[in-house]
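Chemist: From first to last, the protein sequence lines are chains A and B.
Per our numbering, the first sequence starts with residue 49, numbered consecutively.
Per our numbering, the second sequence starts with residue 857, numbered consecutively.
Read the hints as simulated data drawn from the structure, not as lab findings.
Think of the CB as a built atom: it goes at the ideal place given N, C-alpha and C, for glycine as much as any other residue.
Some hints here could point you the wrong way.
[What the hints assert, rightly or not] Taking lysine to aspartate or glutamate and the EDC-like style, the derived pairs with C-alpha atoms no more than 16 angstroms apart in a straight line are:
1. A/K339 <-> B/E1173
2. A/K339 <-> B/D1181
3. A/K313 <-> B/E1171
4. A/K511 <-> B/E946
5. A/K339 <-> B/E1171
6. B/K990 <-> B/D901
7. A/K172 <-> A/D200
8. A/K283 <-> A/E272
9. A/K511 <-> B/D901
10. A/K339 <-> B/E1170
[Claimed, not checked] So, partial list: chain A residues that the calculated Cβ filter (under 8 angstroms) puts toward chain B:
11. R295
12. F305
13. V308
14. A364
15. P375
16. A378
17. T381
18. E382
19. Y641
20. V643
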Amino acid sequence: MVSVGAGVEIAEETRSRTSLESVVVRFAGDSGDGIQVVGGRFTLATAIGGSDLATFPDFPAEIRAPTGTTFGVSAFQINFGARRIRTIGDAPDVLVALNPAALKVNLADLPRGATIILDGGSFKERDLKKAGFAGDPRHDGTLAGYRVVDIDISDLTKKATASTGLSSREQLRCKNFWSLGLVLWMFDRPREPILAWLKQRFAKQPEVAEANSLALNAGHALGETAELGPLPAFKVGPAPIEAGLYRTVTGHEALAFGLVDGARKAGLRMVFCSYPITPASALLHHLAGMKAFGVTTFQAEDEIAAACAALGASYAGSIGVTSSSGPGIALKTETIGLAIGAELPLVVVNSQRAGPSTGMPTKTEQSDLYQAVFGRNADSPLVVLAAATPADCFVMAREAIRLAVHHMTPVMLLTDGFLANASEPWLIPDLDATPAFPVRFRAEPEGYQPFARDGRGVRDWVKPGTPGLEHRIGGIERDALSGNISYDPANHQRMTEARWDKVLAVADDIPEQEVEQGETSGRLAVVGWGSTYGPIARAVTTLRDRGQSVSHIHLRHLWPLPRNLGELLRGFEHILVPEMNKGQLVTILRNEYLVPAQSLSKVTGKPFTIHEVEDAMTAALGISS
Amino acid sequence: MNAPVLKPRQPKDYATDQEVRWCPGCGDYAILKAVQRTLADIAADPARTVFVSGIGCAARFPYYIETYGFHTIHGRAPAVATGIKLANPELDVWVVGGDGDMLSIGGNHLMHALRRNVDLTILLFNNEIYGLTKGQYSPTSRIGTRSPSTPGGSIDRPVSALRLALGAGARFVARGIDTQQKVLPDILKRAHAHKGTALVEIIQNCIVYNDGAFAGFTDRAVEADAQIHVEHGAPLLFGKDRRKGLRLAAGGLAIEAVSLDEEGVEEGQILIHDQTNAMLATLLAMLEPPMPVAVGVLFDSPAPTYDAAVRAQEETERARAGTPDLNALLRRGPTWTMPG
Ligand SMILES: Cc1ncc(C[n+]2csc(CCOP(=O)(O)OP(=O)(O)O)c2C)c(N)n1
Ligand code: SF4
Ligand SMILES: [Mg+2]
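Work out the full structure: start from the sequences and follow the hints.
Modeler: Structure representation (structure tokens):
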């Protein structure tokens, strides 16, 4: 263990850097320490260096936890590498802990041998007590087996920023950027984009920009010049990524962009109606800032009203979109039933979270698949989609609008707490390169019957305001042509079939199921949906590298299922379905195709690790892991 | 663009081909007639008019009006109607529902539509009973109402639709009575002309499950003394010869009914109705038998509507942001180029 205090010896030395294929870094500190900010900045610096990456923020559940406590710890994890990065990484290789509580909370996730950079200046007795440490973990053997870099970051930050004239408290607030400077040095990442960002971000408070820049530079300089035996220096090269212009995007940002682009391509105003709930609220926030793009946002009095207002908007000829998480989706159910009966488009976004009931709002799960596919009274089919990655949220949001407006049906789009907040580099698409899918409203009064259907079983969409097409629709069973109230037994049979067939016919309008990795038949297919994409993809790559006959199939269209899926699955000896639930897709697949699919279930509120998937795969294959 | 030339319309032009399915003698028939008369009088454009309803006997209404119509789910019509106005503020949107629909399961949505002041005309048919589900007591039923679910008489206090509306910040509040075919269309016209949420409570007799619930103030024999028809700027007089009136009670913030023939009562003491005075509207809404029940427009004080404000804010955003360019937005902020 090496301590670097204020009076550190400085030696001119150029260190040789260890080359890494990929590395996982976690920044952690008090929620007031600005962890998310430095996480975001480090992401940018990493991306600019050409590495592939994936990130995930871990906010404390409490809004304003007392400083220094374990429940006030905020963290940000990034996995980056010179290869394709699929997950945020099973475990951190480097932990930056800005206080004892951050160390306490994150230590359990650290494998032995990992590097811990900690702010020794914040390990005073009082801090240790607040974090619940009986003694000083630096000296009582708690950290044995780790590579500990103990630096008085607090003191060095104050010294570096003293010239700014800011108060000592304000100076101390720059310690996140000091640490970032050091980590940038460790991984040989550029400071310039961050210095530029600071200038721009704090244009109105130049002294704050200056102080953070000084801190960043000081942290960097320490790495470059200090006599720090165990301070490791790495090199992570660029990854083989498709050429083009990139940005980072979180799932929720991508959803917002995708919905706006979908509405644009349909030629419609979007009316987005929602009621705040974790982790779905961010979508409302993003869209509320996009009013210039033909988006109306409405914060309703509850989720029922949100769904109803969205449906009212669709009835009036806009695309109504509503968004929530499981408990809120439950409240929307009756309205979704009305959309099914009235055969109106509606997009429902479910950012799933751990349940039942309030469950664990900030923790991820994908246990609402049954709710999406089956969770309504009566025979009430709708279209169910799921996004696989943050960037995929863009494509699937647009797809949800396309299918809703062209098939006159509600579409449920599933994401989850992980996808919503995770970010990854995104090859920015040229939106004009994707064809538009404009809606054609019926305007001809001649021969109009509200529930007459075209060859795909889809009725006409008529905008109120259109002369000569006045008609009445509603939730009571409708006559198969006029839409007038009908209790006729044969009519109900016919309408139930028609609603069913219409949704199943959506399968003609979606791509056939592709195989993500591997052959279209073989020993083992790992079938996933939603945010399990990353760990499955990486695990399959690993086993394929070992010469195993395994393939990765990832479903984005969950109802109706792609036409070729049954045939595809039958080409495999074993089918493994990892899900963050008690096995929902697996029963749907067994039911639809009578295939012997096996479940890999995890419901800890955390994503699968790669190893968990690998282990289940090797067990299914009957080989050693 | 020329305004479309509308030919004079008749109430029957607003009737659909659907057989009306209410019980014979139900007050809803009279309300339907009054609404069709109103639509004819204002020459409502059927293409631009939408009737939205919840569930209940009252809520069947849209099927009988030859305009656009959406019969939705129990209690949610104000929320659906809000979405319709957000999508297209040009539409003329009417909302119809019963006392259970709007004050029980949908009370929340009614309250929020009113406080937001969405430009809607809301007709609340109050029969003090759940008609469609066969006669259970409702949130407006008086204490002691015997029904299948309250065989020993209801014990919870009823809610007043108009007081609730005023409390929620409604800018237009009126009361009408199903059978008053001369008065009701005028009230409906006023409600329709009001920009913002207009709430009209329509006293409606359910002949099957709550017959005569309102007889105490609607019967021919008593109505003159049991109702007071309020009119902006006119003294609050009632009674057969309009010799009775309302004045402020001495020493307290309350209204009392007096006779002009009584000793010490003078014309000048009678209150003049001011429809822009929310306090007076509240006092009038509180009148219950044996005081005369207020009929007419109790409160009418327009304020900016929610739907217009939403659009205005979007326009401001658009003006500020310039031509929306999503491609450019995606490329704003930190980006980098991969050489591949
Ligand atoms: C979610 C839901 N709950 C209950 C019902 C049953 N229901 C239909 S109408 C109604 C009450 C109707 O009373 P009111 O709104 O006063 O209308 P009325 O029939 O008296 O005109 C009830 C409870 C329903 N349709 N939906
Ligand atoms: S039950 Fe009552 S409210 Fe319903 S239709 Fe019959 S009379 Fe009218
Ligand atoms: Mg009723």
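Chemist: Hint check: A/K339 vs B/E1171, CA-CA at most 16 angstroms. Holds or violated?
Modeler: holds, 8 angstroms
Chemist: Within 16 angstroms, alpha carbon to alpha carbon, are A/K511 and B/D901?
Modeler: holds, 14 angstroms
Chemist: Would the hint on A/P375 stand, with a C-beta cut-off of 8 angstroms toward chain B?
Modeler: Status violated, d = 17 angstroms.
Chemist: Given A/V643 was flagged as interface, is its beta-carbon under 8 angstroms from a beta-carbon of chain B?
Modeler: Violated, about 39 angstroms.
Chemist: Any CB of chain B closer than 8 angstroms to the CB of A/F305?
Modeler: holds, 6 angstroms
Chemist: Mind checking the CB of A/A364 against every CB in chain B and telling me if the closest is under 8 angstroms?
Modeler: holds, 4 angstroms
Chemist: For the restraint on A/A378, tell me whether the closest CB of chain B is nearer than 8 angstroms.
Modeler: Hint on A/A378: violated, closest Cβ of chain B at ~15 angstroms, above 8 angstroms.
Chemist: Under the criterion that the straight-line Cα-Cα distance not exceed 16 angstroms, is the pair A/K339, B/E1170 satisfied?
Modeler: holds, 5 angstroms
Chemist: Take a quick look at whether A/K339 and B/E1173 sit within 16 angstroms of each other, Cα to Cα.
Modeler: The hint holds at about 6 angstroms.
Chemist: Does A/E272 lie within 16 angstroms of A/K283 when you go C-alpha to C-alpha?
Modeler: Answer holds: A/K283 to A/E272 is near 14 angstroms, not above 16 angstroms.
Chemist: Are the Cα positions of A/K313 and B/E1171 separated by 16 angstroms at most?
Modeler: violated, 21 angstroms
Chemist: Does A/R295 meet its interface restraint, that is, does its C-beta lie within less than 8 angstroms of any C-beta in chain B?
Modeler: holds, 5 angstroms
Against the hints set out earlier in the document, violations occur for numbers 3, 6, 15, 16, 17, 19, 20.
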